[in-house]
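Asker: What follows is each chain in one-letter form.
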Amino acid sequence: MTTRFPTAAALTALFTATALGTGNPRAPRDLLAALNSSTSLHERARACQQLGSLGTAEAVPALAALLSDPVLAAYARQGLEGIPGPEPAAALRAALATLKGDRLLGAIDSLGSLRDPKAVADLERIAGGTDPAATRSALRSLGRIGSPAAADALKRVMTSATDATRADAASAMLLAADAMRREGRAGEAAALCDAVRTAGVPDGLRAAAVRGALVARGPAAAPLFADLVKSADRHVRHAALLAVREIPSDALADALRESLAAAAPDLRAHLVLAMSGCRNDRTMPAIRAAVADPDAGVRLAALTVLARAGASAEDAGALAAALQRDGPAEEHALAAEGLGRMPGPEVDALVLKAVAGAAAADARVRLIQVAGARAPASAAGVLMPCAADADERVAVAALRALKGLAASADLPALIERTKAAGSAAVRAAAEGAVHGVCLRTGAGADAVLREWSPAATAADKASWIRILGALGHAPALPAIRSAAADADEPVAVCALEQLGRWPDPAPMTDLLAAIDASATPKRRAIALASAASVAGAAAEAGRSADPDLSAWFRRLVAAARDAGEKRLVLSGLGRWASAEGLRLLSPYLADPEVAAEAAWAVVNLPSAIEAPADLGALRDALGAVAKSKLPADVRGKASSRLRNLPKPPAALPLFDGRSLAGWEGATNVWRVRDGAIVGGSLAGNPRNEFLAADRPFTNFVLRLEYRLEGTEGFVNGGVQFRSERIAQPPNEMRGYQADIGAGHSGCLYDESRRNRFLARAADGQIRRLERPGDWNRLELRCEGSRIRIALNGEPTVDVVEGDASIPAHGRIALQIHGNCKAEISFRNLSIVPLP
Amino acid sequence: MHVSRRGGRRLSRRAFLGRSLAAGGAAAAPWIIPSSALGLGGAVAPSERIVLGGIGVGNRGRYVLSSMLAEKDVQFVANCDVQRSRREAVKRMVDEHYGTTDCVLYRDMFELLARPDIDAVLIATGDHWHAPASLLAARAGKDVYSEKPCGMTIGEIQALADGIRRLGRVYQAGTQRRSLANFQYAAGLALGGKLGRLHTLHASVYVPRMSFDWLPAEPEPPKEECDWDRWLGPSPWRPYNSRYVSGGWRGHHDFEAGGNFLDWGAHTVDLCQWANGSDATMPVEYEPTPTALVARYANGVKLVCDYLPDAFGNRAPQYRTSTGTCPVRYEGSEGWVETGDNGELVLSDSLQRTLGRAFARPGTSAAGHGRNFFDCVRSRAQPVCNPDVMRRSHIACLAAALAWQLGRPMKLDPAKEEFVGDDEANRMRARVVREPWSLHL
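As they're listed, the protein sequences go chains A and B. In terms of our numbering, the first sequence opens at residue 1 and continues consecutively. In terms of our numbering, the second sequence opens at residue 1 and continues consecutively.
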């Protein structure tokens with residue numbers, strides 16, 4: 001994909017429009033000045049904010065003076081909190097004495113943000129005061145400061161009477177502990193958390209303290225954990241179990257395991273789950289044992305862990321045993337998931353051995369499913385006998401598994417199994433296995449084809465058709481074609497269906513013929529559906545320009561008789577991203593039976609249809625849907641797609657209607673009059689003269705109007721393109737010319753180069769189209785080597801340049817011919833550059 | 001824990017859930033097995049339902065709420081909003097869903113948070129309240145589903161992530177595209193090596209803008225209609241104007257995070273972080289250009305945040321318009337994939353042949369993301385967009401927005417979450433929370 005950016009001008013405009021601030025000065029001194037002198041609240045607020053990122057100590061006094069201002073305090077705090085050095089904290093501390101209410105809370109909070117250790121004494125004093133909000137705020141800030149002195153202050157507050165204060169102090173202590181832990185002061189952190197968890201605080205805080213205490217201890221947490229997990233308080237127990245996954249270690253894994261023995265079933269289940277995030281080699285035997293626990297919750301927990309973390313043969317063995325036991329579906333699902341996940345041939349062997357030895361049919365089925373998911377090559381030997389098991393469930397499971405792992409050597413037996421199938425389910429599974437082998441090995445289809453014979457049973461024929469059809473086996477096509485006309489209806493229908501899934505359009509002619517020739521309505525319907533599907537698939541596969549595709553779709557459109565058939569055809573057409581497809585689709589928009597489906601087809605056409613330069617037809621179709629009376633949802637989608645179509649490239653004006661800006665040429669020949677460029681004179685033009693546009697173009701659509709008036713001589717002019725001026729004589733130009741006048745209008749001439757007409761329009765056409773002496777429209781379209789000219793809206797020239805040495809790039813110019821008394825005028829010139 | 005009816009006992013929800021469980025961070029060890037806990041398809045007894053409250057649920061919030069109401073094991077009981085019209089709109093929606101008149105309304109979030117029966121809250125206020133409200137809710141013992149962007153500054157994000165972990169709550173950031181099939185598939189291609197060695201990730205964002213202007217002052221309405229001071233909350237005071245409270249807060253530095261960079265960026269940068277397997281880190285260089293913010297990871301992978309002048313219309317040439325809004329593209333040595341909200345996946349030719357896959361247009365539904373949150377509320381496992389994941393992608397976004405704002409290239413230390421050699425930028429990592437509010441609890 002080419003990366004073309006929006007024009008630089010557009011983006012620069014956007015970018016500068018978002019430039020910061022409103023012209024505020026950025027130098028710190030200027031900000032301070034603005035703060036001091038400005039009367040506007042907004043400007044002072046803004047200055048405070050900016051001082052936060054740019055200010056220096058010099059600004060501190062002015063900012064501190066605002067700490068009591070109900071509006072500006074928060075802005076001033078922004079300023080103070082950002083300025084480095086000790087001055088802001090000192091100013092905030094000083095302000096504590098005089099601030100009240102919310103303003104005091106703000107200053108306290110800012111001291112917390114600054115983590116000012118010198119504020120501890122003041123904050124402890126405030127925390128011991130009578131204002132509950134200030135107390136809470138002070139405790140919080142002490143927590144954020146987190147120095148040893150702050151921690152001590154908090155501990156002292158913890159001994160205070162009120163519950164609320166104790167809870168706030170506890171919360172602050174946990175906050176401090178977090179910071180201490182991050183700074184490597186784990187011992188202090190643990191001590192703080194311990195103080196909280198042994199104090200009388202709400203459950204949530206105690207749980208958080210348990211977590212904090214364990215996490216702070218890290219690898220040394222095991223003894224505390226072993227203790228806490230036996231707590232009578234379930235909040236403590238649960239918090240301990242959850243904390244374990246943050247600090248997994250060998251010791252903790254052992255502690256978890258050791259706690260299992262004495263625990264009640266609920267706790268056992270939770271302990272096992274916690275092992276998922278914290279385990280070692282000694283953990284796994286305990287988990288395996290738990291898989292067979294009498295308590296269902298413990299079993300589920302163990303299976304959950306083992307399913308995700310199982311690695312050894314013993315783990316696999318435990319899962320396999322669980323899979324074979326009678327029990328709830330969830331347990332089997334987890335066991336199967338775990339066994340499917342564990343890699344390695346030992347596990348393969350274990351699973352297969354279990355398959356062979358399984359006692360009950362449903363246990364065997366589950367094991368077979370795992371074997372199928374694992375798909376080791378060695379499985380076929382064990383599963384083939386299972387495919388012939390008397391129990392249908394086992395046979396079907398085995399055949400399904402064999403689909404993914406049987407080898408070519410197994411093919412004959414699988415084919416026989418198909419023929420001998422006692423039920424539809426077994427037959428379908430056997431077909432799947434045969435198909436799977438052929439698909440994976442790339443061989444075997446011929447063996448299946450050899451089974452084909454007119455004498456085969458209808459059921460077998462259908463099986464071979466399905467298999468060979470799904471494989472897209474080309475040599476089978478004649479057989480399937482003949483089956484499409486088989487007397488037996490199910491066989492014929494099966495064949496027609498399969499032809500619809502053929503991987504290439506080879507069956508197309510047969511399907512189209514079958515539509516007309518079909519013996520029964522059902523066959524016709526299937527044939528048409530299949531044909532539409534094949535055509536649609538071919539269209540999607542990128543064969544959009546295939547001429548056969550047009551023929552097929554036209555046949556389908558003609559054949560569709562009722563609403564159902566039309567819908568089938570629409571489903572195919574909707575996959576074809578081409579102008580012709582759209583032409584075939586559009587009439588359905590007006591068909592009341594299928595208008596809605598047709599509309600959806602148009603709206604959902606692949607985005608490749610937006611590629612061509614001319615999107616007119618698509619726009620029209622979408623516009624018609626948007627304005628129709630169809631349901632709102634499809635109209636909405638049509639409008640939306642219409643809005644998002646690539647915009648036609650903008651036309652650039654070449655002439656401003658007033659001056660020759662952007663052009664150069666002899667100024668005694670070329671001038672502007674009445675909004676038009678005029679060249680030459682009725683008094684006489686001695687020689688060819690060109691007015692050339694400054695900017696060169698490569699691919700483009702050029703539109704203009706001309707008027708040529710003359711009385712004598714070779715009354716002629718033209719429009720040069722992909723041209724250049726010649727050095728000698730300097731009035732001439734070399735390149736393509738769209739000729740004007742003297743019977744040559746709308747023709748393509750090669751000026752001062754090959755000096756001949758490259759393409760001409762018929763004389764009759766020129767005479768019919770052109771209005772001599774009046775304004776005429778000319779359109780020049782250059783796309784690569786293709787050049788098209790249109791006169792007054794009708795194409796006159798459409799050629800492809802064959803000479804690779806001719807430049808496809810150059811200037812545009814207007815010509816008045818020499819040796820005539822004539823004047824040529826041009827107006828409404830515009831150009832659309834093309835990629 | 002809830003075990004299958006066939007096997008053992010059933011522990012009631014309250015016994016294991018308790019509203020004050022401490023949950024740590026790190027990897028997702030489940031507390032119980034979510035899928036078997038619910039008896040999906042059948043009705044869930046009221047006592048077993050997760051009780052949900054809403055804070056600041058406006059237009060976007062109602063969209064998320066609609067999918068949450070559909071969950072059979074969730075009961076929405078109360079809504080809080082500073083604006084009467086919005087409070088009442090949610091009540092109408094909720095009451096109609098349940099066929100009752102039971103939804104309780106509050107203007108003051110502390111009253112809602114004080115209710116012991118509420119287990120979790122949906123926070124869908126404007127950007128500036130997301131982090132403080134989430135922390136207040138966590139402190140009150142509630143689990144949190146918060147709309148993005150989750151915080152206004154790097155400092156706010158740090159305090160939020162640390163606080164949620166410390167308080168042991170389950171938190172899901174509303175970057176729900178991680179729970180949508182097409183984005184999951186695209187990330188899977190990148191993570192699974194199908195694109196080869198990743199070299200460039202594209203995250204679409206708006207053309208950033210940021211205003212420090214104040215709208216003209218208007219008389220403040222009565223508090224019952226709109227509590228302006230509470231609406232402002234942690235943001236510094238400015239005069240009331242009705243436009244702010246009806247969505248016009250966007251674009252204002254004090255109310256929108258990162259100059260609207262994070263409106264899509266919180267999603268698209270997060271998706272790129274995921275696809276790049278870099279949830280544990282973030283880019284180290286950030287460079288503003290006229291058309292994009294270009295960031296680079298330490299291993300050289302580029303993250304290009306393309307500015308879209310017509311984000312809801314024609315997104316060419318940076319992205320294919322047909323893929324929809326919030327598009328991302330992952331490019332590697334063996335191919336690329338592009339996808340967006342329309343669910344369409346566009347692949348490079350070589351991949352298209354082998355992997356082409358269509359998705360039924362899943363839109364931007366938060367249903368899967370909400371379900372993940374509720375499962376984790378029960379199991380105490382970490383949701384998909386948990387605080388650690390959210391932290392890194394948000395800090396990356398905010399760093400990008402700062403580089404745009406300051407108009408110069410910047411370097412970030414991803415471990416310390418500090419800019420290298422740029423004091424001004426470092427000083428802009430935090431903003432003051434207006435008193436009496438605070439982030440730190």
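Think of the hints as simulated: they come from the structure by calculation, not from any bench. You may find that some hints are simply not true.
Listed next, the stretches of chain A that the computed footprint assigns to chain B, with coverage defined by at least 3 CB atoms under 8 angstroms from CB atoms of chain B [as the list claims (entries may be wrong)]:
1) 51-65
2) 637-647
The calculated BS3-like cross-link candidates involving lysine-lysine, where the alpha carbons are at most 30 angstroms apart (straight line), are [to be verified]:
3) 629/A <-> 522/A
4) 637/A <-> 627/A
5) 223/B <-> 100/A
6) 118/A <-> 416/B
7) 419/A <-> 522/A
8) 100/A <-> 118/A
Chain B is faced by these chain A residues, among others (derived, beta-carbon under 10 angstroms) [claimed, not checked]:
9) 129
10) 587
11) 714
Just so you know, even glycine gets a beta-carbon here, dropped at the ideal spot from N, CA and C.
Asker: Hinted pair, alpha-carbon criterion (30 angstroms max): residue 223/B, residue 100/A. Please report holds or violated.
Answerer: Status holds; Cα separation ~24 angstroms.
Asker: Classify the hint on residue 587/A as holds or violated, based on whether any CB of chain B lies nearer than 10 angstroms to its CB.
Answerer: 26 angstroms, violated
Asker: Hint check: residue 637/A vs residue 627/A, CA-CA at most 30 angstroms. Holds or violated?
Answerer: This hinted pair holds, its Cα atoms lying about 12 angstroms apart.
Asker: Keeping to a limit of 30 angstroms between CA atoms, is the pair of residue 100/A and residue 118/A held or broken?
Answerer: 21 angstroms, holds
Asker: For a C-alpha distance cap of 30 angstroms, please report whether residue 629/A and residue 522/A respect it.
Answerer: 34 angstroms, violated
Asker: Are the Cα positions of residue 419/A and residue 522/A separated by 30 angstroms at most?
Answerer: Roughly 27 angstroms between the alpha carbons, so the hint for residue 419/A and residue 522/A holds.
Asker: Does residue 416/B lie within 30 angstroms of residue 118/A when you go C-alpha to C-alpha?
Answerer: Status holds; Cα separation ~25 angstroms.
Asker: Have a go at the residue 714/A hint: is there a Cβ in chain B nearer than 10 angstroms to its own Cβ?
Answerer: Interface hint status for residue 714/A: violated (49 angstroms vs cutoff 10 angstroms).
Asker: Min Cβ distance, residue 129/A to chain B: is it shorter than 10 angstroms?
Answerer: 16 angstroms, violated
Asker: Tell me whether the statement that chain B covers the region 637-647 of chain A is true, taking a Cβ distance below 8 angstroms and needing three residues at minimum.
Answerer: Answer holds; 4 residues pass the 8 angstroms Cβ test.
Asker: Are there three or more residues in the region 51-65 of chain A whose C-beta lies closer than 8 angstroms to some C-beta of chain B?
Answerer: holds (count 3)
The structure is inconsistent with the numbered hints 3, 9, 10 and 11, although it conforms to all the rest.
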